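Peer 1: Mapping the sequence shown onto the working numbering, position 209 (from 1) lands on 209, and the numbers just tick up by one.
There are no misleading hints in this set.
Simulated restraints on C-beta separations: (1) Phe231 with Gly189: 41 to 47 Å; (2) Val126 with Gln38: 43 to 49 Å; (3) Pro192 with Gln149: 18 to 24 Å.
It should be emphasised that the hints constitute simulated quantities derived from the structure, not laboratory data.
From a predicted model like this one, the values you see are computed outputs, not experimental measurements.
Where a beta carbon is used, it is the ideal one built from N, C-alpha and C, also for glycine.
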Amino acid sequence: MKKNKILQGSAIAAGIFTAVTVWQNVSVKITRYHIYSQNLPTNFNDFRIVLLSDIHSRNFGLGQKALVNRVRRMHPNLILISGDWVDSKHGKLSTCVEQAKLLKQIAPVWAIYGNHEIRKIRKTGVDTMHKALCDAGVHFLHTSGTHIQKENSYINLIGIEDDVQLSERARKKKQIESVKTMLSRVMHGILPDEFTILMAHHPEFIDIYSNEPIDLVVSGHAHGGQVRIPFVGGVIAPNQGLFPRYTSGKHCKNNTQMVISRGIGGFKPVRIFNQPEIVVISLHKGCAKQRKKLVKN
Numbered sequence: 001m002k003k004n005k006i007l008q009g010s011a012i013a014a015g016i017f018t019a020v021t022v023w024q025n026v027s028v029k030i031t032r033y034h035i036y037s038q039n040l041p042t043n044f045n046d047f048r049i050v051l052l053s054d055i056h057s058r059n060f061g062l063g064q065k066a067l068v069n070r071v072r073r074m075h076p077n078l079i080l081i082s083g084d085w086v087d088s089k090h091g092k093l094s095t096c097v098e099q100a101k102l103l104k105q106i107a108p109v110w111a112i113y114g115n116h117e118i119r120k121i122r123k124t125g126v127d128t129m130h131k132a133l134c135d136a137g138v139h140f141l142h143t144s145g146t147h148i149q150k151e152n153s154y155i156n157l158i159g160i161e162d163d164v165q166l167s168e169r170a171r172k173k174k175q176i177e178s179v180k181t182m183l184s185r186v187m188h189g190i191l192p193d194e195f196t197i198l199m200a201h202h203p204e205f206i207d208i209y210s211n212e213p214i215d216l217v218v219s220g221h222a223h224g225g226q227v228r229i230p231f232v233g234g235v236i237a238p239n240q241g242l243f244p245r246y247t248s249g250k251h252c253k254n255n256t257q258m259v260i261s262r263g264i265g266g267f268k269p270v271r272i273f274n275q276p277e278i279v280v281i282s283l284h285k286g287c288a289k290q291r292k293k294l295v296k297n
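Generate coordinates for the entire structure from the input sequences, incorporating the hints supplied.
Peer 2: Below is the structure:
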């Protein structure tokens with residue numbers, strides 16, 4: 001009898017854990033951050049950015065409403081997608097194109113390639129994604145930059161894409177040199193007192209990013225550490241290994257602030273205590289402040 005009760009209790013606990021895990025994988029939370037900088041033009045005070053990362057061709061249902069409606073309610077001025085929008089193995093490009101057409105009706109959409117896009121190009125030898133998503137209204141930064149204009153002011157938006165060397169298990173020295181080369185190219189002509197946002201798929205290179213006059217880095221790739229242990233953090237991340245340092249949240253190094261999205265893709269692979277998220281970043285003119293993130297489910 002006692003053994004049966006133990007088995008029943010274990011089965012109930014396993015069922016609850018499974019149900020919670022499934023719910024956490026299919027639901028999406030909103031995470032908010034506030035970024036302060038003296039370099040921000042006054043016209044951009046309270047400028048709002050929605051950051052999406054690591055979508056991995058996830059389908060959000062009829063009309064992509066589960067994604068698009070949540071983004072629309074955030075009233076963003078700009079939508080940034082920091083890589084791995086397209087999955088290299090699973091999912092359809094047409095799903096991403098549908099999302100792009102709807103998101104661009106909310107705000108301008110800028111994106112970079114992550115390791116999955118680069119891997120897909122290497123496999124097929126053809127880049128079908130760029131034209132399809134550009135035709136849908138997306139602007140890409142392929143190790144390049146642009147100005148985001150508002151009235152008579154602007155901020156810099158630059159992006160470095162995942163390099164082949166970063167997608168392979170290349171030596172760390174080669175990875176670092178590749179990032180430095182790309183950064184040098186996109187930072188050319190940017191003045192130190194101009195507000196600059198860098199889109200970079202890999203968060204683990206913050207030490208390199210922060211050596212440049214970059215105010216904000218937006219990143220992804222780490223999937224929040226995939227499995228998160230309460231009060232400890234993520235368990236594993238690509239290119240960082242076990243118990244990685246940079247998996248989610250807001251980080252500061254020198255005068256550079258970095259926001260890492262846990263990503264919004266679902267079950268592949270499964271997340272545990274690691275809910276997919278839409279990140280909302282509000283820019284403010286002023287001294288850098290450490291503020292607690294506000295979370296809204």
